[in-house]
Amino acid sequence: EAFINKNNFKELQQILKDNNGNQYRNCRNLASGAVRALNSKDCAEKQVEFMAFSVIYGMDSELKSQRLEELEKLGFSVCPHTENVNDENIQQIISDFKDMAENNGIPIDGIVFSYNNVDFSKSLGRTGHHYKDGLAFKFEDELFETSLKRIEWNTSRTGLIVPVAVFDEVEIDGSKVSRASLHNLSFIEELRLREGNRILVAKRNMIIPHVEANLDYADEVIADYPEKCPCCGHETSVSVSETKDKSVKTVYCLNTECTARHIKRFVHFVSKQAMNIQGISEAVLTVFIGSGLIKRYADIYSLKDKHDEIVILEGFGEKSFENMTASIEKSRHCTLDRFLNAMNIPQLGKA
Numbered sequence: 001e002a003f004i005n006k007n008n009f010k011e012l013q014q015i016l017k018d019n020n021g022n023q024y025r026n027c028r029n030l031a032s033g034a035v036r037a038l039n040s041k042d043c044a045e046k047q048v049e050f051m052a053f054s055v056i057y058g059m060d061s062e063l064k065s066q067r068l069e070e071l072e073k074l075g076f077s078v079c080p081h082t083e084n085v086n087d088e089n090i091q092q093i094i095s096d097f098k099d100m101a102e103n104n105g106i107p108i109d110g111i112v113f114s115y116n117n118v119d120f121s122k123s124l125g126r127t128g129h130h131y132k133d134g135l136a137f138k139f140e141d142e143l144f145e146t147s148l149k150r151i152e153w154n155t156s157r158t159g160l161i162v163p164v165a166v167f168d169e170v171e172i173d174g175s176k177v178s179r180a181s182l183h184n185l186s187f188i189e190e191l192r193l194r195e196g197n198r199i200l201v202a203k204r205n206m207i208i209p210h211v212e213a214n215l216d217y218a219d220e221v222i223a224d225y226p227e228k229c230p231c232c233g234h235e236t237s238v239s240v241s242e243t244k245d246k247s248v249k250t251v252y253c254l255n256t257e258c259t260a261r262h263i264k265r266f267v268h269f270v271s272k273q274a275m276n277i278q279g280i281s282e283a284v285l286t287v288f289i290g291s292g293l294i295k296r297y298a299d300i301y302s303l304k305d306k307h308d309e310i311v312i313l314e315g316f317g318e319k320s321f322e323n324m325t326a327s328i329e330k331s332r333h334c335t336l337d338r339f340l341n342a343m344n345i346p347q348l349g350k351a
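Residue numbers in the sequence shown follow the numbering used here, run continuously in steps of one, and reach 351 at the last position.
Honestly, I wouldn't trust all of these hints.
Stated by the list, open to error - Calculated cross-link-like contacts (lysine-lysine; reagent style DSSO-like; alpha-carbon spacing at most 27 Å):
| # | residue 1 | residue 2 |
| --- | --- | --- |
| 1 | Lys306 | Lys272 |
| 2 | Lys98 | Lys10 |
| 3 | Lys319 | Lys41 |
| 4 | Lys272 | Lys304 |
Read the hints as simulated data drawn from the structure, not as lab findings.
These figures come from a predicted structure and were not determined experimentally.
Produce the complete structure using the sequences and hints provided.
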């Protein structure tokens, strides 16, 4: 894990400024930007620290705690940890770790509990996302009161029309927040949201803005939803899916040629999780599609032949054209899982 100590961040705020000359407001974003720049001097200047929480391979010790202790002897900073957790001491351990992190300026949003024996942990298997040998306990998020101004609806690449809450701006963890996804029609109905309601918002896991509660919860509210797609004007449909616990209502655009769906499919195709083509943003795709340069995925691989038409576009030049086409050519050698993900096949996501 790479992070910037909260105590150091307070000093950095007085020294460093962002590209717009403004003070950095969030240590997580500053650390992320420094690491992504792949510049060790930049990381050193911004005092990015590394703390190991696991040894993937290279040590033969049977216990995870032993591996961390060996790593510490080699000079690495390792994640604070303890053993022999049980139902009698777990509450105290959570409290102690939370206090330790706060007192030492370490930005954490929870604690991970896992089995100590390496072989036993591996025997439990894993999902596509994580090993099954433990669980993450997340701290409660701090809540902030604000007022709901309106609900916007945005069409996705699948035709799903997603509601977004727009509320009076609040500052959470150093960043200004004024929008949060409302997920689906059922979520709006559950909270009985209306414009003007006082709501509580938080940043889940210190990252994702989320509407947690409605302080003006009414007895009965009929949730409004767009009967026409906000992008193409085509009729919409409400779909009801059954989960183990409840029914979920979602709103869909029925037009397969909807402009928003069309553009978002291309955005997904070039994304990092799919073909990973750099230099083609949603704004660029909108221009390319609008000018007829792109109609199908395959057209992206013919852009190298459209030099004269592209370099005259606003925001483009020789260098940006070269970088874009180089990234396109590189994507030809993608792995099968990335290619399948890029194809936008229903029920098929990233591996």
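Broken hints, numbered, in rising order?
Nothing - there is no hint that the structure violates, so all of them hold.
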